[in-house]
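Asker: Given the sequences, and given the hints that come with them, work out the whole structure.
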Amino acid sequence: MTVNELIASGMLESYILGTTSRQENELLHGLFKTHPALLTEVEAIEQSLIRASARSAKPVSPAVKQKIMAGLSFQSEGAPPDKTISLHNDEATASKLKLYGFAIAASLLLFITSFVYNILLQKQLDSLSSEMAQINASKSVMADQLQIQQASLSDLNNRFQIVSNPKVKTIALNGMNSMAGHSAAVHWNAETDEVYFDVSQLPQSPAGKQYQLWAIVAGKPVDAGMLDLAQTHAVFQKMKAVKGAQAFAVTIEKMGGSAVPSMETMCLMGNV
Amino acid sequence: MKQTYTQDELIVLIGERDQKAFAYLYDHYSQALFGVINAIVNDTEESEDVLQKVFLKVWNSFSMYDPAKGRLYTWMLNIARNLAIDTTRSKHEKIKSKIQSTSNPVYENTLSVSEPSHNAIGLKTILENLNEDHKTIIDLAYFEGYTQEEIAKKLNMPLGTVKTKVRQAILVLRELTKKEFLQ
Chain A
1 MTVNELIASG MLESYILGTT SRQENELLHG LFKTHPALLT EVEAIEQSLI RASARSAKPV
61 SPAVKQKIMA GLSFQSEGAP PDKTISLHND EATASKLKLY GFAIAASLLL FITSFVYNIL
121 LQKQLDSLSS EMAQINASKS VMADQLQIQQ ASLSDLNNRF QIVSNPKVKT IALNGMNSMA
181 GHSAAVHWNA ETDEVYFDVS QLPQSPAGKQ YQLWAIVAGK PVDAGMLDLA QTHAVFQKMK
241 AVKGAQAFAV TIEKMGGSAV PSMETMCLMG NV
Chain B
1 MKQTYTQDEL IVLIGERDQK AFAYLYDHYS QALFGVINAI VNDTEESEDV LQKVFLKVWN
61 SFSMYDPAKG RLYTWMLNIA RNLAIDTTRS KHEKIKSKIQ STSNPVYENT LSVSEPSHNA
121 IGLKTILENL NEDHKTIIDL AYFEGYTQEE IAKKLNMPLG TVKTKVRQAI LVLRELTKKE
181 FLQ
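These protein sequence lines map, in sequence, to chains A and B. Residue numbering for the first sequence follows my numbering, starting at 1 and increasing by one per position. Residue numbering for the second sequence follows my numbering, starting at 1 and increasing by one per position.
Note that these hints are calculated values from the structure, not bench results. Among the hints, erroneous ones may be present.
[Unchecked claim] The list that follows gives simulated cross-link-like pairs (lysine-lysine, DSS-like), each with its CA atoms no further than 27 angstroms apart: (1) K169(A) with K240(A); (2) K65(A) with K91(B); (3) K135(B) with K154(B); (4) K167(A) with K220(A); (5) K58(A) with K57(B); (6) K20(B) with K67(A); (7) K154(B) with K65(A); (8) K98(A) with K91(B); (9) K220(A) with K169(A); (10) K69(B) with K33(A); (11) K57(B) with K20(B); (12) K240(A) with K209(A); (13) K67(A) with K91(B); (14) K91(B) with K96(A); (15) K57(B) with K65(A); (16) K53(B) with K20(B); (17) K135(B) with K58(A); (18) K33(A) with K58(A); (19) K135(B) with K65(A); (20) K67(A) with K154(B); (21) K58(A) with K53(B); (22) K57(B) with K67(A); (23) K167(A) with K209(A); (24) K96(A) with K65(A); (25) K20(B) with K58(A); (26) K58(A) with K154(B); (27) K67(A) with K98(A).
Answerer: This is the structure we're talking about:
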């Protein structure tokens with residue numbers, strides 16, 4: 001059979017109509033490779049059938065294509081990424097764009113909200129920190145006060161321990177000469193020889209002068225130390241230890257004290 | 001940028017699930033398949049439903065297509081024809097089971113399939129240019145998917161004659177559509 005005879009036999013039409021056998025198909029597929037004219041003929045026949053049937057009905061609604069294209073990724077698993085669909089499916093693109101619009105609007109709203117919220121929070125933070133500063137300030141004031149209280153309490157405690165000790169004798173010193181009407185007290189532990197002087201009752205010493213405490217031991221004055229009025233807390237000033245004191249006296253001496261008391265400046269005196 | 005594909009390229013790309021290639025396939029074959037479906041179903045809306053099913057089936061069972069068995073168009077034509085015939089069959093079944101519940105449904109169904117209504121106007125005009133034999137043969141071979149052997153039996157004609165007549169009928173179609181195409 002020549003190519004022309006084969007064409008005239010109607011076998012190619014049967015092939016397109018799908019009524020050729022498997023053997024005939026194999027024969028034709030072989031011939032298509034060696035005789036391209038046969039394939040051209042097949043395509044021409046196919047085209048005429050396609051054109052004839054395409055003209056036999058009204059144009060298909062474009063909605064059908066949209067439905068089909070939309071159905072592809074829905075129905076088949078492992079479909080390629082969306083980029084190809086967007087070329088053909090305007091609906092999907094439109095809804096995507098709509099979605100982007102919503103997303104942008106939503107994030108903008110979120111941004112504004114958080115911005116305003118931030119400002120409010122910042123204001124709140126500012127007022128909180130100034131409150132905090134005030135609280136801290138008053139706290140330090142209170143701490144200072146507490147420290148003072150504690151200091152005076154411990155001082156009081158110390159004094160009380162000294163005074164309440166049965167071994168300690170309290171000797172009242174009476175004012176004389178320039179300090180007539182004044183009084184002070186010496187606390188002396190006869191066992192340990194410790195001497196304490198309460199400076200809180202003394203007036204300021206004259207300028208450039210200092211009070212000096214003397215103990216009278218066996219009729220002779222013995223230096224018991226300088227009184228320091230600047231010591232505000234420790235009002236019970238610990239003096240030099242004295243053994244066997246018969247009396248105590250205070251004189252006004254030059255700064256740093258004297259080796260021998262000047263009798264004319266004696267201002268306080270009391271017997272044990 | 002309208003890309004064109006050869007049939008071989010289309011087969012490879014659609015096999016790789018390329019939706020762009022599939023859209024091209026739709027653009028080139030949908031109207032023809034719609035013509036075939038509409039000639040059998042004879043209702044625009046229903047035909048569109050069938051067309052949609054056809055292309056989704058083409059996409060989903062594309063791995064079933066074997067180029068060794070014939071042209072891509074032939075394969076799609078078969079799918080379209082079968083789905084269209086199934087649709088009219090179930091429609092006729094519904095109607096007939098309502099009207100004549102006593103009649104033999106198998107017999108009625110056979111009748112309904114072999115008596116399709118090809119009154120699509122465009123096709124009619126084209127087919128009118130064919131003589132009666134050619135028209136019947138194209139009807140049976142193209143729209144109803146009869147094999148040429150079946151046609152030979154049905155029309156009581158030698159197989160060779162049927163083949164020649166199919167060829168002649170299509171040649172006439174070719175001339176007619178070529179003319180239309182040129183206009």
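Asker: Work down the list of hints and note, for each, if the structure agrees.
Answerer: How the hints compare with the structure:
Note on K169(A) and K240(A): the hinted pairing holds, with a Cα-Cα distance of about 16 angstroms set against a maximum of 27 angstroms. This hinted pair checks out: K65(A) and K91(B) have alpha carbons roughly 25 angstroms apart, not beyond 27 angstroms. Restraint check for K135(B) and K154(B): satisfied, since their Cα atoms lie roughly 14 angstroms apart, inside the 27 angstroms limit. Of the supplied pair hints, the one linking K167(A) and K220(A) holds, its CA atoms being roughly 24 angstroms apart against a limit of 27 angstroms.
About 23 angstroms separates the Cα atoms of K58(A) and K57(B), which keeps this hinted pair within 27 angstroms; it holds. Of the supplied pair hints, the one linking K20(B) and K67(A) holds, its CA atoms being roughly 15 angstroms apart against a limit of 27 angstroms. Proximity of K154(B) to K65(A) is assessed by CA-CA distance (about 38 angstroms); at most 27 angstroms being required, the pair is judged violated. Of the supplied pair hints, the one linking K98(A) and K91(B) is violated, its CA atoms being roughly 41 angstroms apart against a limit of 27 angstroms.
Of the supplied pair hints, the one linking K220(A) and K169(A) holds, its CA atoms being roughly 20 angstroms apart against a limit of 27 angstroms. For the suggested pair K69(B) and K33(A), the alpha carbons sit about 16 angstroms apart, so the restraint of at most 27 angstroms is met. A hinted pair counts as satisfied when its Cα atoms are at most 27 angstroms apart, and K57(B) with K20(B) qualifies at roughly 17 angstroms. Our distance criterion of 27 angstroms between C-alpha atoms is met by K240(A) and K209(A), whose separation comes to about 20 angstroms.
Only pairs whose Cα atoms come within 27 angstroms are accepted, and K67(A) paired with K91(B) is accepted, the gap being roughly 24 angstroms. Proximity of K91(B) to K96(A) is assessed by CA-CA distance (about 39 angstroms); at most 27 angstroms being required, the pair is judged violated. The hinted pair formed by K57(B) and K65(A) meets the criterion: a straight-line CA distance of about 14 angstroms does not exceed 27 angstroms. For a cut-off of 27 angstroms, the pair hint linking K53(B) to K20(B) stands: about 19 angstroms separates their Cα positions.
Between the alpha carbons of K135(B) and K58(A) the distance comes to roughly 21 angstroms, so the proposed pair stays at or under 27 angstroms and holds. A threshold of 27 angstroms between alpha carbons decides the hint, and for K33(A) with K58(A) the separation of about 38 angstroms lies outside it, so the pair is violated. Taken as a hint, the K135(B) and K65(A) pair is broken in the structure, with Cα atoms around 31 angstroms apart against an allowance of 27 angstroms. Between the alpha carbons of K67(A) and K154(B) the distance comes to roughly 40 angstroms, so the proposed pair goes past 27 angstroms and is violated.
A hinted pair counts as satisfied when its Cα atoms are at most 27 angstroms apart, and K58(A) with K53(B) qualifies at roughly 18 angstroms. Distance check on the hinted pair: K57(B) and K67(A) sit about 13 angstroms apart at the alpha-carbon level, within 27 angstroms; holds. With a C-alpha separation of about 33 angstroms, the suggested pairing of K167(A) with K209(A) is violated against the 27 angstroms cut-off. Restraint check for K96(A) and K65(A): the C-alpha separation of about 19 angstroms stays at or below 27 angstroms, so the hint holds.
For the hint pairing K20(B) with K58(A), the CA-to-CA distance comes to about 25 angstroms; that is within 27 angstroms, so the pair holds. Only pairs whose Cα atoms come within 27 angstroms are accepted, and K58(A) paired with K154(B) is rejected, the gap being roughly 31 angstroms. In summary, the hint linking K67(A) to K98(A) is supported, as the alpha carbons are separated by about 19 angstroms, within the 27 angstroms threshold.
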